[in-house]
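Chains as they are written, first to last, in the numbering used here: chain A, 7 to 172; chain V, 76 to 240.
Since the hints were made in silico from the structure, they are not lab data.
Any given hint might turn out to be false.
[As the list claims (entries may be wrong)] Subject to a maximum C-alpha distance of 20 Å in a straight line, what follows is the list of computed DMTMM-like cross-link-like pairs (lysine to aspartate or glutamate):
1. V/110 x A/57
2. V/82 x A/148
3. V/231 x V/158
4. V/128 x A/124
5. V/79 x A/154
6. V/110 x A/43
7. V/231 x V/139
Each chain is listed here by its residues.
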Amino acid sequence: MIQKLRTLALYLAVPIRIYLGVVFIAACLYKISQPHEFALSIATYGILPTELVNPMAIMLPWIELVCGLTLIFGLWTKASALAISGMMIMFITALLIALSKHLHMSCGCFASAEAGDDINYLTVVRDSLWLAGGMFVLWFDDGRWGMDGLLRRYFQKKASKNAISV
Amino acid sequence: MSSKVTKTLGRSLVLASIGCIIGLAFNFARPEGIKFVRSAPYNIYVPCPMMSKEAKPIEVQDLEGTEDLIFIDARPKADYDRERISGSRSLPFNPLKSPPKDTVEKLKALGPNRIVVIGDTDIDSGRLLAAELSEAGCLGVRYIKGGFPAWKNAGKKIERSEAGP
Numbered sequence: 007m008i009q010k011l012r013t014l015a016l017y018l019a020v021p022i023r024i025y026l027g028v029v030f031i032a033a034c035l036y037k038i039s040q041p042h043e044f045a046l047s048i049a050t051y052g053i054l055p056t057e058l059v060n061p062m063a064i065m066l067p068w069i070e071l072v073c074g075l076t077l078i079f080g081l082w083t084k085a086s087a088l089a090i091s092g093m094m095i096m097f098i099t100a101l102l103i104a105l106s107k108h109l110h111m112s113c114g115c116f117a118s119a120e121a122g123d124d125i126n127y128l129t130v131v132r133d134s135l136w137l138a139g140g141m142f143v144l145w146f147d148d149g150r151w152g153m154d155g156l157l158r159r160y161f162q163k164k165a166s167k168n169a170i171s172v
Numbered sequence: 076m077s078s079k080v081t082k083t084l085g086r087s088l089v090l091a092s093i094g095c096i097i098g099l100a101f102n103f104a105r106p107e108g109i110k111f112v113r114s115a116p117y118n119i120y121v122p123c124p125m126m127s128k129e130a131k132p133i134e135v136q137d138l139e140g141t142e143d144l145i146f147i148d149a150r151p152k153a154d155y156d157r158e159r160i161s162g163s164r165s166l167p168f169n170p171l172k173s174p175p176k177d178t179v180e181k182l183k184a185l186g187p188n189r190i191v192v193i194g195d196t197d198i199d200s201g202r203l204l205a206a207e208l209s210e211a212g213c214l215g216v217r218y219i220k221g222g223f224p225a226w227k228n229a230g231k232k233i234e235r236s237e238a239g240p
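Construct all of the structure, not just a fragment, from the sequences and the given hints.
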């Protein structure tokens, strides 16, 4: 029974991984194209000191892009899932701080602070579900249906060929 | 820590570092890139909190038994001084300032369903002040639909200042 559930989780982790990858890539595109707008969104949260706002705005979307792509292709799957879960924890914390300050603002997740609906507890629930997805992939996806699996099989084949020739 | 965990953590850091390096290089190369460190704080504009409570509108002809009602005039003081509902009190609506606390407390003490706000039609000051008073805790606040012009057009009694034009 447990084995069956594990196999099911293994199958389930693949679409979740691809979905999370797409979400992160979709989230980073606007931030990359409009760094100033994204910096303004970060500043609106009022958490980071001014000096750290721009470095965050410059680097974070690219980390999202790299992790999103590696998740979709299943390369270093667990590491990407860990990085994405870490980012989700950071986003949820920022949202909770903003909500506790009663800030009326957009989350700046997919577009600028001026666009989109105001943040609310549903935004936190949405991000928590994505965090749960990330943790699920981290726990269950062993990368067999992705580049990790392909590379593993390639190197195993190569090693066995070498062993035979020796 | 097991080697698997260390390996995953290490790879996560590598991914984050790759992202950081690409981000820095891209920002440096693009013409619309932003400064790496900004010393001046950003000018942040956060919209004012919306009033969650709305007061009830009321037509002039639906007002009955006006002797129990307290009319609050939300129009600018100059308009109030020129002409007003007799016995009304002036509390000009200011979008940037809440009504004085002591005034609100006095209005709250009047009890429910006694406050009727009358404003002008230009900025809908009656509705806005009525909503503000409701938000502040006054119960059963209403505002006159169409404001002071509707009151005048209905042929209701008004008081004019003698020094006026």
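Kindly indicate which numbered hints from before are broken by the structure, ordering the numbers from low to high.
none
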